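Participant: Chains as they are written, first to last, in the numbering used here: chain A, 1 to 313; chain B, 314 to 772.
Hints in this document: simulated from the structure, not taken from any laboratory.
Quantities reported herein were computed from a predicted structural model and do not represent experimental measurements.
Beta carbons: idealized from backbone N, C-alpha and C, even for Gly.
Among the hints, a few may not be true.
[To be verified] Some chain B residues close to chain A (C-beta under 10 Å, calculated; not the full set):
1. G375
2. N383
3. F422
4. W496
5. S533
[Unchecked claim] No farther apart than 16 Å at their CA atoms in a straight line, the calculated lysine to aspartate or glutamate pairs in the EDC-like style are these:
6. K686/B with D87/A
7. K654/B with D589/B
8. K385/B with D87/A
9. K515/B with E297/A
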Amino acid sequence: MRTDVGLTRRELLTNIAKAGVPAAMAATVGVKAVEAEESIPAPNVPLGLLYDATLCIGCKSCEVACNEANNTPADTDAEGLHEAPTDLNVFTRNIIKLYKPEGNSPSSFVKRQCMQCFDPGCAAGCPFEALYKDSDTGVVRWEGSRCIGCRYCTITCPYSVPRFQWRGINPLITKCELCSHRLARGLKPGCTSVCPTGAVIFGPRPALLLEAKRRIKNNPGRYYQDRVYGETDNGGTQCLYLSRVPFEKLGLPELGPEPVPAKQLRWQRRIYEYFALPAALYVGLVAVIRKNLAAHEEEAHQLEKETGLRPQL
Amino acid sequence: MSTASTNNGPATRPFKTSADARTRWERFVPAFGFPILNRFFLLLVSLTLLALLLTGYREIAGLGPASGMNDKFGWGIWKTFNVVVLTALGSGAFSVGVCAWVFRRRLLFPLMRMALLTSMLAYVCGLCLLGVDVGRPWNFYWVLFPWRWNLHSPMAEVAICMSIYATVPLLIENLTPILERLWYLNVPLRPAIETLEHVLHKCFPFIISLAYLLPAMHQSSLGALMLLAGPRVHPLWQTPLLPLLYLGAAAFMSFGCVAGTTMLCCVFWRRAMDMDVLNEAARISSWIIFGWIAVRILGLLVVGSLGTAFHLNEFAGIFWTEMFLIGYGGWLLRGSLKDQKWQSMWLGYLFSTLGGMLYRFTPTTLAYMPGPKAIYFPSTIELLVAIGFATAGIAGFLLMVKACAILPATLQEWRDMTSYFTVHEPFVMWKQYLNFGFVDYKILDNADLSRSYVKTNHD
Ligand code: SF4
Ligand code: SF4
Ligand code: SF4
Numbered sequence: 001m002r003t004d005v006g007l008t009r010r011e012l013l014t015n016i017a018k019a020g021v022p023a024a025m026a027a028t029v030g031v032k033a034v035e036a037e038e039s040i041p042a043p044n045v046p047l048g049l050l051y052d053a054t055l056c057i058g059c060k061s062c063e064v065a066c067n068e069a070n071n072t073p074a075d076t077d078a079e080g081l082h083e084a085p086t087d088l089n090v091f092t093r094n095i096i097k098l099y100k101p102e103g104n105s106p107s108s109f110v111k112r113q114c115m116q117c118f119d120p121g122c123a124a125g126c127p128f129e130a131l132y133k134d135s136d137t138g139v140v141r142w143e144g145s146r147c148i149g150c151r152y153c154t155i156t157c158p159y160s161v162p163r164f165q166w167r168g169i170n171p172l173i174t175k176c177e178l179c180s181h182r183l184a185r186g187l188k189p190g191c192t193s194v195c196p197t198g199a200v201i202f203g204p205r206p207a208l209l210l211e212a213k214r215r216i217k218n219n220p221g222r223y224y225q226d227r228v229y230g231e232t233d234n235g236g237t238q239c240l241y242l243s244r245v246p247f248e249k250l251g252l253p254e255l256g257p258e259p260v261p262a263k264q265l266r267w268q269r270r271i272y273e274y275f276a277l278p279a280a281l282y283v284g285l286v287a288v289i290r291k292n293l294a295a296h297e298e299e300a301h302q303l304e305k306e307t308g309l310r311p312q313l
Numbered sequence: 314m315s316t317a318s319t320n321n322g323p324a325t326r327p328f329k330t331s332a333d334a335r336t337r338w339e340r341f342v343p344a345f346g347f348p349i350l351n352r353f354f355l356l357l358v359s360l361t362l363l364a365l366l367l368t369g370y371r372e373i374a375g376l377g378p379a380s381g382m383n384d385k386f387g388w389g390i391w392k393t394f395n396v397v398v399l400t401a402l403g404s405g406a407f408s409v410g411v412c413a414w415v416f417r418r419r420l421l422f423p424l425m426r427m428a429l430l431t432s433m434l435a436y437v438c439g440l441c442l443l444g445v446d447v448g449r450p451w452n453f454y455w456v457l458f459p460w461r462w463n464l465h466s467p468m469a470e471v472a473i474c475m476s477i478y479a480t481v482p483l484l485i486e487n488l489t490p491i492l493e494r495l496w497y498l499n500v501p502l503r504p505a506i507e508t509l510e511h512v513l514h515k516c517f518p519f520i521i522s523l524a525y526l527l528p529a530m531h532q533s534s535l536g537a538l539m540l541l542a543g544p545r546v547h548p549l550w551q552t553p554l555l556p557l558l559y560l561g562a563a564a565f566m567s568f569g570c571v572a573g574t575t576m577l578c579c580v581f582w583r584r585a586m587d588m589d590v591l592n593e594a595a596r597i598s599s600w601i602i603f604g605w606i607a608v609r610i611l612g613l614l615v616v617g618s619l620g621t622a623f624h625l626n627e628f629a630g631i632f633w634t635e636m637f638l639i640g641y642g643g644w645l646l647r648g649s650l651k652d653q654k655w656q657s658m659w660l661g662y663l664f665s666t667l668g669g670m671l672y673r674f675t676p677t678t679l680a681y682m683p684g685p686k687a688i689y690f691p692s693t694i695e696l697l698v699a700i701g702f703a704t705a706g707i708a709g710f711l712l713m714v715k716a717c718a719i720l721p722a723t724l725q726e727w728r729d730m731t732s733y734f735t736v737h738e739p740f741v742m743w744k745q746y747l748n749f750g751f752v753d754y755k756i757l758d759n760a761d762l763s764r765s766y767v768k769t770n771h772d
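Let the hints inform the model, and build the full structure from the sequences given.
Facilitator: This is the structure in structure tokens:
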């Protein structure tokens, strides 16, 4: 995988510049990015979010902005009144949750949306590549014309992000696609454009990672384990997290540095490598069965001669 | 009573057994002597029709209103039971076939047509329900475009292998009894049918090999499906061996389904049971079961999660229920080999198959923990549709065993069946066969068997 961030795409560069990320940060090179699974090509410019839970004041502006950006209707109850969603759902690609333990231990908000994994479980399981990783931005996108609606992605995503539309005759899979439609128009994602405290910022992942490390260095003891969640977790994610409280409490499981699909499907992938093993097996089967069937047929015809009964093969 | 070897025709038989002619399965013979449109059949059909009606509602309203599935439990019983569990029951064409044609357990041959039919029905019903279950079935046409296949995805393997398997090899293998029926019923067609059969037999090695490769792939991939759920599946099930264990469970479950159903049919239609064949099946089945249990325990030991089986919780309970059912079933099967009681053999199949069904179901639902407050219980509509698609299979089975020669029988019964095949409405015509094909052993013993049944109008 390439570790340098070659900003070859002019279009992207403009977008990022317009999006207000300092070009110097964008062009950062030499950041030791995580080695994703060899077979997964690295995106040219992995874009992502950095969410610093210690800065978030829980105003939920980003939830509203996300709804607006994605043109999703407000989540309303039976009376048509606005209802605060309690989890991601087909109308809610982005949600702010609160972790509040008993006693005096610190509480924390958390913003949940798709992590844009380097080795996305959702795309690994998707049968006809309806969910795929954009080769330029690394954003995991959904292409409805290839989705059969099997809902496997709701099971394979280690962060339980994709949502299926349970009503209607044309159900969609929804998840945060990093506002790719806005990026294409040179706009920042909805959520980062409204955040009043800068708790969530947008940019190329290497730059975000540098920024996160800078914050950790400048504020010793402030962050849990002095660690950026997503730097190596699950093989690396493009959306990064900083937090005061343990990540697990915020619903970000400790998955280890190996990406879940690579780990779980290791044998599966080896067995089906180039389809060599199944093909060899097939050839062997044909040889054996041909021989056995021929013997069987011969016996059956012999029997036919003796009894006059039509053979039943 | 005469001895088997002297009185029973030719010495070479497609399947050599020591049993005498009264119990030796030598022909496939349709079930006969009952009206197909009986009350039970109508009940099955009406359940299926109700299910079809309800799928209409599901298509219009969407999955949410029609089922208990939700954001946490994206899969309901349509997938986890009708596809994951019932197609395992219908893997007989694979497991019995591999034993018969690859490992040369030729004694199993009389069970083959039964295995092929149950497989066909289970797969067709499962695939149809899969079409109802998926949200965007119109995109299924991508199955035809290999460059879009995500070959690393277990879901792709399941979707692609299953649909190819059910529509090509399984269908072709099941043509044999249908062509045979046509051959007997339609004299002018005979040359054409014989040519077709000849061509089919030439292709069979290639088709049958495909029919063993594909199920081996997708029955294990069904287990691989839950691998990607990672730690959300309880460690007693989430092991790297999950695909292998799913395949093994499919093997002994389908043996149970094929042999158990055949035995049930024999009791029901008062046919003789060929204990040689059944013993062979039970022996193989019990070895698969014990091997399976050993692999499962060893696998859990190696990954180190066997300890969780001794926690006092519902997961340990499910685990031991599975192990008990499967183990006890295997033990009963072994026992029946010694004391030759078909009843305990049947119970052995029943227990092991039920245990296998539970094992296949658990990782997808009972041991799947997508979140602290996640619950799933199938809605009434969901249950009715699941039942309706299963009863469709049973109704299809009754129809097929009556219309075609699927069930194994002794030569004695074949004498009747030859004529059965040559008349167009046999159910009304022959009152004397309405006694469920009772074999009068006295007559049989006295008759010169090697001659009496040979006289047919086949020529
Ligand atoms: S967080 Fe989930 S939905 Fe997002 S890319 Fe990763 S696996 Fe896919
Ligand atoms: S529901 Fe659609 S996007 Fe999700 S895994 Fe299935 S085909 Fe892919
Ligand atoms: S990037 Fe866009 S879609 Fe994703 S959470 Fe932010 S506003 Fe919502």
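Participant: Each of the hints needs a verdict: does it hold here or not?
Facilitator: To see whether the hints hold, each was checked on the structure:
no.	hint	verdict
1	G375	holds (4 Å)
2	N383	holds (7 Å)
3	F422	holds (8 Å)
4	W496	holds (8 Å)
5	S533	holds (9 Å)
6	K686/B with D87/A	holds (12 Å)
7	K654/B with D589/B	holds (12 Å)
8	K385/B with D87/A	holds (10 Å)
9	K515/B with E297/A	holds (11 Å)
Comparing the model with each earlier hint shows no violations; every hint is respected.
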